[in-house]
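**Student:** Given the coordinates of chain A, work out where chains B and C should sit on it, guided by the hints.
Read off the chains here:
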Amino acid sequence: MDRFLFLTVDGLARGAVLAAFALSLVIIWRAARIVNFAQGAMAVATTYIAFTVTSATGNYWLGLASAVVAGLVLGALVERTVMRFVGNTNPLNSVIAGLGLLLVIQAALGMIFGNGYRAMATPFSSTPISVGGVSAVSPYDLFIFICVGLMVVGLALLFTKTSLGLRLRASAFAPDLARLLGVRSSRMLTLGWALSSAVGALAALLIIPTELGLNPHAVDTVFVYAFTVAVVGGLDSAGGAVAGGLAVGVVLSWVSGYLGATLTPIAVLVLLLAVLLLRPAGLFSMTKERTA
Amino acid sequence: MRPLTPLVSLLLAAAAAAALIGLTFVVEPFRSYQLATACAYLCAVAGLTLLTGAGGQLSLGQAALMAAGAYSYALSANALAGAGVEGALLLLVPLGASILGASILGVVIGCAAGRLHGPYLAGFTLALVVAIPAVTSTFSAVLGGDQGLWITVEKRPTALRGTVSNEQWQAWLAIICAVAVMVVLNNLLRGRFGRQLRAVRDNDAAASLSGVNAARTKIISFTVSAAAAGLGGGLLAYVTQSASPGAYSLVLSLYLLMAAVIGGIGSLTGAVWGALIMVFLPYAVNTFTANLPVSADVAARLDGNLAVAVFGTILVLVILLAPRGIQGLITAAGRRFRARFPPGQSPSNPASAVVPVPQSRPSAETPSSGTQAPATETGTPPSGTLSTTKGQR
Amino acid sequence: MIVSQHPGPVRSTPAQRRPAANKRRHSVLAAAVTAAALTLAACGSSGEGTSTAAEDVPGITDSTVTVGTHQPLTGPAAAGYASISPATKAYFDHVNANGGIHGRTIEYTVKDDGYNPANTQSVVREMVLQDEVFAVVGGLGTPPHSSVLDFLNDNEVPDLFVASGSPTWNQPENYPYTYGFMQDYDTEAKGLAAYVQEEFPDATYCLFGQDDDFGADFKTGLESALGSDSLASTQVYSTTNTDVAAQISDLQAAGCDVNFLASINGFTAQAIGTAAKLGYMPRWAASSAGGDYNTLSSYLGENTDALLEGFISSNYLPANTDTDDEWTAKFKEINEEYNPGAAFDGNTIFGMSIGYLFAEALHEAGENPTRESLLEALESGDVQGNGHVPLGFSADSHAGYTGGMITLVSDGVQAYTGSPYSADGDSVSAYTEDRPAMPENGIPQ
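Protein chains in written order, with the working numbering: chain A, 1 to 292; chain B, 293 to 685; chain C, 686 to 1130.
In isolation and in its complexed conformation, chain A is listed as follows (with noise of 0.2 Å):
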């Protein structure tokens, strides 16, 4: 029991980071349309900002701020070079532009910091709690549920509760009509993915010091899994991505704690093709899946 516990727990904040990802993803999913494979690598580069700030200051806060705030820009900047001028007329091209802004950011985070890796500090310990003999939650998993928490919240508010967030909607549901009703679409799709780039920035910067350190390979495997992540809970759903998210944490951990570490990767291909068979746009999406 207390090892299901803790497996249990530990696959949930790891997943929390995933839902985290996914959310990203689904942001610019919906307001563009697109799924930005650059996502990952676009959020190692800021991550790299975060630790070169940390190291530069002493303060994690500090590094942190800057990942968001980086993050904000990074999204900006790419939906107003490239992303832009991509186009509608096949979708294939915007995931083609994602993947050459993929090899391009890596390269280029590869020539500016080296290929090795670099140990990222943690705020709080990483080491359970012990609560009536069984342990489980470590302060940095808290940290991890209480950021995660607070941001889902947040944007939760700033989509349903503002008028930003309204115009945020409307230009992406119905970009011609918004426009004939004065909210400035260009402006709100820029946003868009500013807003998915900052969120993929936090969730990098948490994921980060839990495995092998930084690198401009950090989050490969995490962006594969947060992609599985947002197809399960739908793509259009951003609570299906936290849901999601969290459900493919904990089964990465059971089947990683009870069948062998090798299986992870089928089990989430198995868990993918269960939920797509029954339900082809996601375990929570509301509409019925578009063609794009």
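Be careful, since some hints might not be right.
As the list claims (entries may be wrong) - Covered by chain A, per the in silico footprint, the following chain B stretches (three or more residues, Cβ under 8 Å):
#: 1; region: 369–380
#: 2; region: 410–416
#: 3; region: 537–550
#: 4; region: 602–608
#: 5; region: 611–620
Quick caveat, the hints were computed from the structure, so don't treat them as lab data.
Just so you know, these numbers come straight off a predicted model, no measurement behind them.
Every residue gets a Cβ at the ideal spot worked out from N, C-alpha and C, and that includes glycine.
**Tutor:** The following block gives chains B and C in isolation, referenced to the frame of chain A:
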């Protein structure tokens, strides 16, 4: 222009194969090897052109199907060699097995993925290709784990040894297979199946209403694409004498897709450009960077990374400046040339020079066939007849 | 003449469709012809004109010897290994600046394969068929190098000092051109097992290993030394999943006191870090493939010293921390001069030692080296390298270093302890002879 009968098209294909085979006599063995790998990749890229270009189904799993082909080749070749089989049988049966093995996986994926659209299909095929190393590790007794399988291959016939290098022989086999794949896929795309595929891509509800079985069409397209990729994988296994999970990674899948798009996903000719770029561009860039006069420290940072950066930049530029790929550029250039100098007229004919050619609507024959075809093609919506506009989607 | 040849019911008027098909067919042809032209053009620029003298030995001229290697310079594996080939290059630069070997400078071509066997195939063919290297030296990684083993031997290219501990490289009958370098995982496991059994006789032993041949070979070695049911728990990890909490908590639950690690550096660090998070502090005994203190500290960050205290590993080359070692001092000097800005660590020593071993073999191969004389020199056993244990090279064995020495981390310094061991049938025994002295200036004379 003269109409082209299947016989003539076969003759042309044979001529192309003969020309390429002749080429292997004048180039160095390493070029032959590159040509062989380009042909192997061409099979997979052409399969992707059919599936994604004409069928509109975004698959990131082409490497998994190549892997299925490569492992089928390896297992059957080793089994045959173990049983003492030699000669042409040891060459042809494994190639057949690679097509069969990948086709079976293609049917399975097609059945599962036929209902999925766009990013959902991409997500599923992504998870599939990522699971390959896990599959080979789990069944390492049969599939050889991370290290993969070594293959006993039938080398070139004894009569050719001394006159023909091993690389040349490998290139011949790959050229013949690739040309065969191109002929088959070309005929499929030009025929009824191609029209159905495009109809389903453009509007599957409308296609179903007009009597096209959308699900069946999708499954067939997956299977055909898988068979082509499987043959490519089998060829790669033959040429490299090995099948290992590292060779069929997500990166290969992404590169195959990039090759198809850069070449021009609208046509099979684009696949030729794509496969060539896949082999020769990284090679050219690496050769270039290796000769840059920089210090040891800078060289260590640039090594490898610069090539990746250049490749990525070219990719982004192609998408921004020539979204229909190289073949799109060539078609447009050809059209502009013809518009300025129409055949049979004097080059200075002002009438044709001033007629602007619409950039977004290629295919010079569209006006005639586009208006008449709906009347004759009863079962297909009009958009299905725009056989050369598939790259626009 | 046309209609009937169309298979199936013909719905369109063929005459209307044919022009399009015709055009497409022509463009396929055009593409093929252009491809041919491109290929031809590319050939023109290939590097030729090097074989002037020396009776046409590939890669050898009067003044140069060209060798090549394949290394992961990009991709996820680059993090652990990309610093090796610059060190080898620095060593060759040092040799070249001092007159080379028999008056020939060593030209060293490094090709990036990203640890992907498909790329390895391509770059190695390029080196052999295009650049015409004399030998391939220090090709890195079991899966990548396995894929070119047949090719190199079919083409009779010396395939020296493969940077991997797999026993595959030691098959003189099947692969006469291939020579190993590292002590193999099996021997290493036996050496570590012997040490651990002596120091911690009553402890519970467990294994945390990679889910491939590396882990499997290591386990075989451990079990033959310790007994077939000596491991209380065996956990495996996959390089695609960096979360190892499940496996480590299992080791903890099984009450393991000493954990053997058949893991690469990143996962050694991940295992130790995860255990610390769980409040689990066992002894660790790691393969040299994942036991380099400096590399581990780059993963573990500021807690390194506390986490690695008492960390057991094994090595056979000069220790990078031992500044009294003549090799270490020389290599450090070379690193500062020819590889400025690069850290001096286990990888540096590894890369330079491979460079030295090749220089020594080339020196022994005579004034006018050929591929045959190079291999004869290696089989003669005169090439000794700079390790603490002998190389296994002979006519019957192409095994690299036949053993190693235990290293222990104490107060943040990883240093050798005890005396070297070397393989001795199914077990290991102490090796007592002294290491050959370093030639002047670290260059074979």
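**Student:** For each hint, tell me whether it holds in the structure or not.
**Tutor:** So, going through the hints one by one against the coordinates:
no.	hint	in the structure
1	369–380	violated (count 0)
2	410–416	holds (count 6)
3	537–550	holds (count 4)
4	602–608	holds (count 6)
5	611–620	holds (count 3)
Violated hints amount to a single one, hint 1; each of the other numbered hints is respected by the structure.
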